[in-house]
Amino acid sequence: MSSTAAVAVHGAHAEPHALGFWRTYIFSEDHKMIARQFLFMALFMMSIGGLMAMLMRWELAWPETQVPGFHWVPEPFMYDGAIPPNTYNAMFTMHATIMIFFVIMPLLVGCFGNFLIPLMIGARDMAFPKLNMLSFWVGALAGAIMLSSFFVTGGPAAAGWTSYAPLSAVPIYTGVDWGQNLWCIGIIVLGASSLMGSINYITTIVNMRTRGMYFFRLPLVIWSLFITAILLLLALPVLTTALALLLFDRLGGTHFFLPAGGGEPLLWQHLFWFFGHPEVYIMILPAMGIASDIISTFSRKPIFGYRAMAYAMIAIAFLSWVVWGHHMFVSGMDPVLGSSFMLTTMIIGVPSAIKTFNWLGTLYKGNIHYTAAMMNALAFVAMFVIGGLSGIWMACTPVDMYIHDTYFIVAHIHYVLFGGSLFGIFAGVTYWYPKMFGRMMNERLGKIHFWITFVAFNCTFFPMHILGMAGHMRRIYNPQQYDFLKPIIPINEFISISAFVLGAAQFLFLANIIWSYFKGARASENPWNANTLEWTTPSPPPHGNWPGPVPVVYRGPYEYSSPEGAEDFLPQSELIERSTAAAD
Amino acid sequence: MLEHLYFPHDISTFGPRIDFLFELIFWIVMVVWIAVMVAMVVFMIRYRTRPGRKAVYIEGNSRLEIIWTTATAAVLVILAFLSRSTWADIKEHGPPGDVFYAVTAKQFNWEVTYPGPDGKLGTKDDITVENELHVPVNKVVRIDLTSKDVIHSFYVPNMRLRQDAVPGRIIHVWFEATETGQYEIPCSQLCGFGHSGMKGNLTVESQEDFDKWLKDTYANPPAPEGASQ
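Protein sequence lines correspond, in order, to chains S and L.
The first sequence begins at 1 in my numbering and counts up by one.
The second sequence begins at 1001 in my numbering and counts up by one.
What the hints contain is simulated information worked out from the structure, not anything from laboratory work.
This structure is a prediction, so every number in the text was calculated from the model and none was measured.
One should not assume that every hint holds.
[Claimed, not checked] In silico DSS-like links for lysine-lysine, alpha-carbon gap of 27 angstroms or less:
1. S:K486 x L:K1106
2. S:K447 x L:K1054
3. S:K365 x L:K1054
4. L:K1124 x L:K1106
5. L:K1139 x L:K1120
6. L:K1124 x L:K1148
[Stated by the list, open to error] Per the computed footprint, the stretches of chain L lying under chain S, defined by three or more beta-carbons under 8 angstroms from a beta-carbon of chain S, are:
7. 1011-1025
8. 1110-1123
9. 1159-1168
[Stated by the list, open to error] Some but not every residue of chain S turned toward chain L, in silico, with C-beta under 8 angstroms:
10. N89
11. I188
12. A192
13. P265
14. G305
15. A308
16. V330
17. S339
18. I347
19. G349
20. Y364
21. V385
22. Y402
23. M473
24. Y482
25. D483
Glycine residues also receive a C-beta, built at the ideal position from the N, C-alpha and C atoms.
Could you put the whole structure together from the sequences, leaning on the hints where they help?
What follows is the structure in C-alpha cells.
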C-alpha cells in the first residue's frame, strides 16, 4: 500500500521543475523549503522573545531602574528606559506566547516535522503540498497578528500566556484592549495552521511510507512527530474553542467566564489546561525523538529498547489527557479531584523515566563521538532529567500548595522547554543542517556555543528552584517589595547576569547558521554515517527528494555496529543478500 | 535542612507535614538524579570513541525495561498515596474553627471582614479592614475566601498556605498559627498591573493582644472608603 502511494507521488514530481523565485522560495510547496521557512520565522521570533526575557531579567534584579540602552522606547511602554508594571506583565505574557507558539512549535513541528517526515519515511513530499504551503503562510499571518499587538493602544496582552479569566475577559482589569483580542485571534489563526500541518503529517506517515517502512521500522523522531501530530489535532480545537469564548466575552457581551452573568472562571482553566497539558508534550516529544536518533547515531549503537521507547511515547499520548488538573490544585477545584490528578500525574512520570533509562542504555558500551550535535543531545537528556524530577514536587498536591505559582515552576518549565526542547532543537539543527543546506555547520563554533549555553543555562535556571523554595512568586515585577524575599536579592542578580550571558551566546548559534550557509564545508550525502533514509540522497536533496527511485527499506533505523554490517552502520535501505528483513 | 534552602520559617500546624513531603521527595530525587548522572558521566567517559573501539551491538533488555518501569511506578504511586492523607487533612476535613473571618480579594487589596461583637459573620456589625489580618495564636482560623473581580491567590509563605480566591465562589481556608509575629500575605496569582506589591499583613498575636486589637478596631472602625458594602 505504502509503495503505491510513493510511486503515485513519484509520478507527479518526477519531471524536472524550473520554478521561478516566488514559487521556489516564497510560495513553495516543497516540504524542505517550507521547513526552512519555519526555521527562519522561528529564529526571528526567538530573537524577539529572547529580548523580552532579557528585559524581564533586568527588572527582576534591578527593579524600577532604567534599562541601559532603552531610553528611546516611547511611553507608555517604557519611561525613559524604566519598565512600568503593565509593560512587565505584557513582556512575560508575550515572551511565553512567542516562545511556545512561535518558536518551539514552529521549530519542532513546523521545521523538523516538515523536513524529516517525507525524507525519513521515503516519500517524495507531503501528502498535501498545497496545504503545507498554506500552513506556513497562515502561521506567518498569525505571527504578524501577534506582533501587531505591540502597536495598538494599551499594548499587547498582559494577562499571562495562560490568560486566566476574568482577568483576560474584561478589558478594564488589565487595561489592555485590542492587545488581548489580537492575542486570541493570533492563536486561533496559528491553531488553524497547526491543524493543517498535523493532518498533513498524519496522512503522510500513515499512507506514504516507502516499501518495507513498517511502523516499527520508523525512526523514533518520526514516531514522536506522528504522536505529536495526533495530540495537536485533538488538543488545538479545545484551545480554539476556549479562545473563541473568551473573545465573545470580551467583544460580544457574553459571560462564559464572568460570574456576574452566571459564568464560571474555572471553566477557562479546565479548557485551557485540557489543551495545555498535551501541549506540553507536543513541545517535548519531538525533541525526545531528535535526541533518540542523534544519541543512537553518535553512540554507534542501536537505541536501547526501541519498542519500549515507542510505547512510552504512546503511553504519554494517552496519559497527557488526564493530568490537566495538576495545574489547578489550588484553583478551588474539588480537593478530592486533586488527589486523582495527583495519581495520574505521578504515573505520567513513568514513561519519561523509561525513556531516560533507555537513553542511558544506549550509551552503555557504545563508541561515543562527541560532535556538537551529540553534546546538545546529551545535554537534552541531562536537563530533561532535572525538569522531569522537579515535576514530582508539583505533582504532590500538598507540596504544590506551597510552590504553585512560584519560581520553582518557572525553573521547571525552563528545564523542560529550554533545557529539553531547545537543546533538542540545537542538536537537531546541527545534525540535519548539512541535509538542509548542503553544508556542515562549524563544529568548533557549535561546541563553543554549546558550552557557554550549557553553563549559563544552568546558572540561570537552577537557582530559580531556590527562589521558588523561598516562596518567590512568579509574575511579580518587583520582588524587593516583599520583606520575606529580601534574602534572595543576590540570587536574582546572579540569575540575571547569567541570563545575559545565555542570551548573548545565542548570537553564536545564529552566526554559525549564517556563516555555515555561505562558508561551511560542503556536506557529503551521509556525513554522520547514519542509517536513516534522508542520508541516502544528496545534500541538499533535489525536488522530489531522491534523484532516482525512492529507497526501499530492509531493516530498522538503528542498526549501528551490527554484526551483519561490514562497517559500524547499516543503512535502512542497504540490501544484504542473506538478511532481508531479518533485522527488525 | 530546608531552612538552608531559604524556606521561610514555618508557623502553621500543617506546614511541617508539607515540609516533610518536600524533603522526602528531595531525597528520592537526589538518589535518582545522582544515580542517573553518575551512570551517564561514567558511560560518557568510559565509552568515548578511541581508535579501534567498536560499539557492542545491544538492542535492549526486556527484563531491565520491566524492572525500571515497575520500580518507578511503585515509588511514584506510593508517594501519591503518602501525600494523599496530608492533602485530605488540610483540604478536605480540617479541625473545627475557633474564629471565623471573610477575606475578599480585589484589585489590589485584601479586604478582611471580622465578625462584630455578636461574633457572627454576615451581620450589620461586621467590620472590614484592608490588608490587616489579625489572628490569635494557637487558634484555628477559618476564612471564607472570595474575590470581587479577578482571580487572586491568598498566599502565606510562612504557613505553606495558598488558595486562589475566585470571583463567584466562596472557598473555605483554615490555618492555625503556632507563633506570634508579623508576616506577609502576598497575592500569588497574576491579577493585573498592581499584582506586584499586592500584599496584606498577617499579625499573629496572643489572645489578649488580639482581643485588645479587636476592641480598639470596633471602637474606631476604619473609614469605609468604599471597602465594605
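(message) Which constraints among the numbered hints does this structure fail? Numbers only, ascending.
(response) 8, 11, 12
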